[in-house]
Amino acid sequence: MSAYVLPVLVILLIVVCVVKKVKVYDCFLDGARDSLTLIKTVFPYIATIFIGVELFAASGLSSMLANLMSKPLSYLGIPKEITELILLVPLSGNGTIALLEKIIAECGVDSYPARCAACIAGGTETVFYISAVYFSSSKTKKLRYAIPVSLFCTLLGTVVACLLCRAM
Amino acid sequence: MNVAFTLIALASLVTLTIVSPETAFSTMITGVKNAILLMLKLAAIYTVWLGVLKMMKETRIDKALSRLLRPLVKRLFKKERDECYDWISVNLASNMLGMGGAATPAGIKAIGSMQQDGEKATDNMCLLIVINATSIQLIPATVISIRAAAGSANSASIFFPTLIATFISTLSGVLICKVMSLKNGKMPNKTAKYNVNITKTHRLKPFFAKTRTKGNTI
Chain W
1 MSAYVLPVLV ILLIVVCVVK KVKVYDCFLD GARDSLTLIK TVFPYIATIF
51 IGVELFAASG LSSMLANLMS KPLSYLGIPK EITELILLVP LSGNGTIALL
101 EKIIAECGVD SYPARCAACI AGGTETVFYI SAVYFSSSKT KKLRYAIPVS
151 LFCTLLGTVV ACLLCRAM
Chain Z
1 MNVAFTLIAL ASLVTLTIVS PETAFSTMIT GVKNAILLML KLAAIYTVWL
51 GVLKMMKETR IDKALSRLLR PLVKRLFKKE RDECYDWISV NLASNMLGMG
101 GAATPAGIKA IGSMQQDGEK ATDNMCLLIV INATSIQLIP ATVISIRAAA
151 GSANSASIFF PTLIATFIST LSGVLICKVM SLKNGKMPNK TAKYNVNITK
201 THRLKPFFAK TRTKGNTI
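Chains W and Z, in that order, are what the protein sequence lines are. Quick note: the first sequence, position 167, residue 167 per the numbering used here, numbers continuous. Quick note: the second sequence, position 177, residue 177 per the numbering used here, numbers continuous.
In case anyone wonders, no lab produced these hints; they're calculated from the structure. Built from N, CA and C at the ideal position, the CB exists for glycine as well. Careful: at least some of the hints might be erroneous.
27 Å max Cα-Cα, derived DSS-like pairs, lysine-lysine [claimed, not checked]:
| hint | chain 1 | residue 1 | chain 2 | residue 2 |
| --- | --- | --- | --- | --- |
| 1 | Z | K120 | W | K141 |
| 2 | Z | K183 | W | K23 |
| 3 | Z | K183 | Z | K74 |
| 4 | Z | K79 | W | K23 |
| 5 | Z | K57 | Z | K78 |
| 6 | W | K139 | Z | K120 |
| 7 | Z | K74 | Z | K63 |
| 8 | Z | K33 | Z | K57 |
| 9 | Z | K178 | W | K40 |
| 10 | Z | K57 | Z | K183 |
| 11 | W | K40 | W | K141 |
| 12 | W | K141 | Z | K74 |
| 13 | Z | K178 | W | K139 |
| 14 | Z | K79 | W | K80 |
| 15 | Z | K178 | W | K20 |
| 16 | W | K142 | Z | K63 |
| 17 | Z | K74 | Z | K178 |
| 18 | Z | K57 | Z | K41 |
| 19 | Z | K63 | W | K141 |
| 20 | Z | K79 | Z | K63 |
| 21 | Z | K120 | W | K40 |
| 22 | Z | K78 | W | K21 |
| 23 | Z | K74 | W | K23 |
| 24 | Z | K79 | Z | K120 |
| 25 | Z | K74 | W | K21 |
| 26 | W | K20 | Z | K183 |
| 27 | Z | K79 | W | K71 |
| 28 | W | K23 | Z | K178 |
| 29 | Z | K57 | W | K142 |
| 30 | Z | K78 | W | K40 |
| 31 | W | K20 | Z | K57 |
| 32 | Z | K78 | W | K139 |
| 33 | W | K71 | Z | K78 |
| 34 | Z | K41 | W | K102 |
| 35 | Z | K120 | W | K102 |
| 36 | W | K40 | Z | K74 |
Now the stretches of chain W that chain Z is said to cover, found in silico as 3 or more residues with beta-carbon under 8 Å [said to hold, decoys possible]:
| hint | stretch |
| --- | --- |
| 37 | 71-82 |
| 38 | 94-101 |
| 39 | 137-144 |
| 40 | 149-157 |
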């Protein structure tokens, strides 16, 4: 059912374009042109973040830090299987999905840690990626409180998700 | 951003040099390689979605969407141009519907069209980042399909916990942002009021002066 939503919306949009005599071909040409400039401005930010993420994971620091954090986080009701996921969530979207699949494979899909992991993967975003990419086209250098507040609220959402998974 | 990156990169490089020095550089290059692969994918996604966004702009559907979300958007983001409100509306709407491909370019354009002075992010920019970064997606489609593929008894059972959790995280994000902007906004607001007063008296003075001289000549 949900598979129909997007294509139907686009079909409706094209129909409206035809009714209003908007040139559809030209719109897509402009879109492609815009996409090239967008990619050009966004690329340096993504490349730099990926260098950091790759180093963080390959050096084993992320799993070390996850081990360190698992104890304090367990007091918040977060199972120790998913502490590494919490570290990875703000950094990498693909990494989050990969780790979710690993947790599902190890703990079983309907186990408590796997359900928590699914809620976290579904209800969070890659904070650092969004902050870097969204600011790429403005001359802003200082992001002020944007990242700390996002990270704190993501953690808050995680704690709530784990609590709810226990209850529901 | 600079502090976070330097800390992570330095700490990781030091550990990597101790554990296996020969992999240090190849990991960084792998990172960029992954970034380029992602860029290729994103370039394709952006091309299609920017075409769709362009159609929305030409048919003025984005304006209609913007009018629909205007009460909410205008209350959250104050003192911006109309164009910026349109982009914010498209960004929020596509976020909620799970169209990440449309949300990102719209968000970038929204930030680009926001007013700013200097290199500091404004309160509105921080708010948009926080709303996007705390995720306001209504249906976590990807995760549900992963669970279904793994043979879950009830793959959609995570729907309500996820929805409530992201709602709470976004709501708390908006509240904290508003508190921060109140704290930071007090000083500039006062000076802004002063400026208005000064220009008003400046405007009044020559006006009085003119009438006076007119009265004298008559």
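Hints versus structure:
no.	hint	verdict
1	Z:K120 / W:K141	6 Å, holds
2	Z:K183 / W:K23	48 Å, violated
3	Z:K183 / Z:K74	20 Å, holds
4	Z:K79 / W:K23	33 Å, violated
5	Z:K57 / Z:K78	23 Å, holds
6	W:K139 / Z:K120	9 Å, holds
7	Z:K74 / Z:K63	14 Å, holds
8	Z:K33 / Z:K57	35 Å, violated
9	Z:K178 / W:K40	33 Å, violated
10	Z:K57 / Z:K183	37 Å, violated
11	W:K40 / W:K141	18 Å, holds
12	W:K141 / Z:K74	26 Å, holds
13	Z:K178 / W:K139	23 Å, holds
14	Z:K79 / W:K80	45 Å, violated
15	Z:K178 / W:K20	41 Å, violated
16	W:K142 / Z:K63	31 Å, violated
17	Z:K74 / Z:K178	14 Å, holds
18	Z:K57 / Z:K41	24 Å, holds
19	Z:K63 / W:K141	31 Å, violated
20	Z:K79 / Z:K63	18 Å, holds
21	Z:K120 / W:K40	23 Å, holds
22	Z:K78 / W:K21	35 Å, violated
23	Z:K74 / W:K23	31 Å, violated
24	Z:K79 / Z:K120	17 Å, holds
25	Z:K74 / W:K21	31 Å, violated
26	W:K20 / Z:K183	48 Å, violated
27	Z:K79 / W:K71	45 Å, violated
28	W:K23 / Z:K178	42 Å, violated
29	Z:K57 / W:K142	31 Å, violated
30	Z:K78 / W:K40	30 Å, violated
31	W:K20 / Z:K57	12 Å, holds
32	Z:K78 / W:K139	20 Å, holds
33	W:K71 / Z:K78	42 Å, violated
34	Z:K41 / W:K102	24 Å, holds
35	Z:K120 / W:K102	40 Å, violated
36	W:K40 / Z:K74	31 Å, violated
37	71-82	violated (count 0)
38	94-101	holds (count 4)
39	137-144	holds (count 8)
40	149-157	holds (count 7)
Violation of the numbered hints given earlier is confined to hints 2, 4, 8, 9, 10, 14, 15, 16, 19, 22, 23, 25, 26, 27, 28, 29, 30, 33, 35, 36, 37; the remaining hints are satisfied by the structure.
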